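S.K.: Each chain, letter by letter, is given below.
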Amino acid sequence: MSSVTEQPVGVRLDDAEAIRLRADFPLLAGSVNGHPLVYLDSGATAQRPLAVLDAERDFLLHWNSAVHRGAHTLAAEATEQFEQARAVVASFIGASANEIVWTSNATEAINLVAYSIGNASAGRGGPEADRFRLGAGDEIVVTEMEHHANLIPWQELAARTGAMLRVIGLDETGALLMDQAAEFIGDRTRLVCVTHVSNVLGTVNPIDEIVALAHAAGALVVLDACQSAPHRPLDVVALGVDFAAFSGHKMLGPTGIGVLYGRAELLDAMPPFLTGGSMITEVTLDGAKYLPAPQRFEAGTQRVSQAIGLAAAVRYLKGIGVDRIHDHENVLAQRMLDGLDSLPGIRVLGPGRGVERAGLASFVVDGVHAHDVGQYLDDVGIAVRVGHHCAQPLHRRYGATATTRASAYLYTTTGEIDVFLDRVAGVRSFFGADR
Amino acid sequence: MSGLEDLYREVILDHSRSPHGYGVHDGAAAESHQVNPTCGDEVTVQLHLGDGGHGIHELAWEGHGCAISQSSASILAGLVKDDDPGLLRQRIDAFRELMQSRGEVEGDEDLLGDAVVFQGASRYVARVKCAMLAWVAAEAALATLPED
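Here the protein sequences line up with chains F and Z, keeping their order. Per my numbering, the very first residue in the first sequence carries number 1; after that it's consecutive. Per my numbering, the very first residue in the second sequence carries number 1; after that it's consecutive.
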């Protein structure tokens with residue numbers, strides 16, 4: 001196991017500590033194309049510390065078996081560890097264990113809510129599901145900055161139920177148009193689906209204001225927390241959201257595991273999405289009765305080692321302190337922004353200097369396509385994401401089809417940001433775009 | 001030559017900055033629009049027939065994307081001069097063979113002209129789709145032309 005010592009509160013996570021932490025992430029010591037790897041794609045997927053790999057391996061070596069079935073010792077221990085992992089993740093976001101549903105990823109978590117509401121709208125779920133039923137005249141509010149995973153499920157739900165989708169727009173600095181939010185969120189609104197932090201712009205949305213508007217209108221709030229849960233303290237109860245979704249692999253955990261948080265009273269009243277084994281109390285040839293949440297939403301064999309790996313990731317993050325990770329990334333983000341802003345022909349999307357932004361920057365290089373920028377960076381071992389980052393409407397809003405995104409995490413150093421900036425400075429001349 | 005310079009050969013950068021055959025217009029005998037969903041790059045290719053309807057007099061195109069996809073479309077447009085459909089099909093097949101070769105095939109210069117420089121790009125698996133985009137569009141357009 002790798003060692004994570006509790007850091008004294010108030011001591012900044014600096015480069016020296018980030019460099020020490022990198023010893024827990026052997027992949028980061030590798031090289032690409034003959035250059036030391038500079039991994040600036042944690043927004044897409046984070047690297048995993050040995051503690052996470054060890055936790056999964058330990059489980060698989062000693063305890064692997066199916067959970068919530070079987071009376072043998074391994075099955076009992078596996079179930080215990082699986083449920084313990086749920087409690088760890090729950091406490092990480094201020095929730096209770098029965099409010100955490102395991103999913104494959106955040107996309108499945110959001111689809112679970114959308115399909116459950118769709119099933120309620122089709123008449124499933126009994127009288128307690130009445131509050132979820134949608135139809136003509138109802139409205140679902142989303143924003144123009146959503147990842148496709150928090151947009152398309154709602155487009156589909158609207159199409160299936162006859163509800164209308166309304167979209168809160170963005171200003172030039174990547175902020176939500178809050179006057180539009182106040183206008184659109186009203187009596188007809190049933191759901192408000194919004195991201196906490198934009199995966200492209202780095203914008204941090206005023207979720208408390210959105211929640212206040214939504215709840216005043218009697219609507220439920222679905223929060224995409226994919227870019228917040230890994231990077232900043234998150235308390236879903238304090239925020240007051242009704243649902244939240246995030247993915248394990250963006251927060252040092254395994255792929256194949258995601259989390260849906262839902263307020264207990266809501267989850268227990270919602271009809272299931274996936275049906276099958278392990279989510280029922282009684283089955284006849286005519287129908288079935290369902291367990292309460294979370295088991296109601298966990299049909300079939302579960303991702304046990306992945307859940308245990310995610311709990312190890314959460315422990316690792318807590319050991320460092322998510323607030324300290326957040327502060328570190330803020331320093332990196334402002335350094336990226338300052339550096340990119342000082343280069344001619346480069347336009348960074350999202351909040352300007354001095355405004356809070358997540359530890360990422362997406363930018364357009366005048367005269368050079370993002371794919372070519374990414375290739376030019378990769379040639380010296382710098383890994384960035386290029387494309388529309390699953391946010392085509394957002395890119396269209398800012399007149400771009402693709403951007404280059406650099407995203408940082410706790411193991412990123414200011415030295416790496418400087419290597420990145422230095423390389424970006426040469427991209428336009430390489431492609432002759434400065435002539 | 002470094003990998004990057006082999007990928008972005010000067011002729012590729014020249015074509016991406018000053019594309020040939022750019023601009024779709026009325027009167028096409030066939031047309032196809034292709035998108036690369038991973039990056040949003042898109043291209044529309046038109047086939048314009050010569051007098052009497054024989055031979056592809058002009059391949060016109062429009063689109064946006066990376067240097068590889070744009071230069072590849074431009075070079076393709078420059079190659080097509082009164083090709084009969086069979087010749088264009090041969091060019092497309094030869095280009096596909098080149099792009100799937102991971103740098104192992106040199107490319108038939110008689111059929112491909114300047115497009116043989118994409119041998120470098122064929123070593124970058126992630127860029128093969130970029131290079132193929134316009135050629136796939138041409139192939140799809142060709143398939144809609146009535147047989148002689």
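Honestly, the hints are just simulated from the structure, not real lab data. One or more of the hints may lead you astray.
Said to hold, decoys possible - For the chain Z half of the interface with chain F, some residues (derived, Cβ under 7 Å), not all of them:
(1) 4
(2) 13
(3) 19
(4) 22
(5) 37
(6) 39
Unchecked claim - Sample of chain F residues with no beta-carbon within 10 Å of chain Z, all distances over it, derived:
(7) 29
(8) 108
(9) 122
(10) 375
(11) 387
Quick caveat, the model's predicted, so the values are computed rather than measured. Here a beta-carbon is modelled for each residue, glycine too, at the ideal position from N, C-alpha and C.
S.K.: Confirm or reject each hint.
M.R.: Results of checking the hints against the structure:
1. 4: Holds - the Cβ of residue 4 of chain Z comes within 7 Å of chain F, reaching about 4 Å at its closest.
2. 13: Hint on residue 13 of chain Z: holds, closest Cβ of chain F at ~6 Å, below 7 Å.
3. 19: This hint is violated: residue 19 of chain Z lies away from chain F, its Cβ roughly 13 Å from the closest one there, beyond 7 Å.
4. 22: Hint on residue 22 of chain Z: violated, closest Cβ of chain F at ~16 Å, above 7 Å.
5. 37: At about 9 Å, which exceeds the 7 Å cut-off, the nearest Cβ of chain F leaves the hint on residue 37 of chain Z violated.
6. 39: Given a least distance of 5 Å, the restraint on residue 39 of chain Z holds.
7. 29: Holds, since 23 Å exceeds 10 Å.
8. 108: holds, 21 Å
9. 122: holds, 31 Å
10. 375: violated, 7 Å
11. 387: violated, 5 Å
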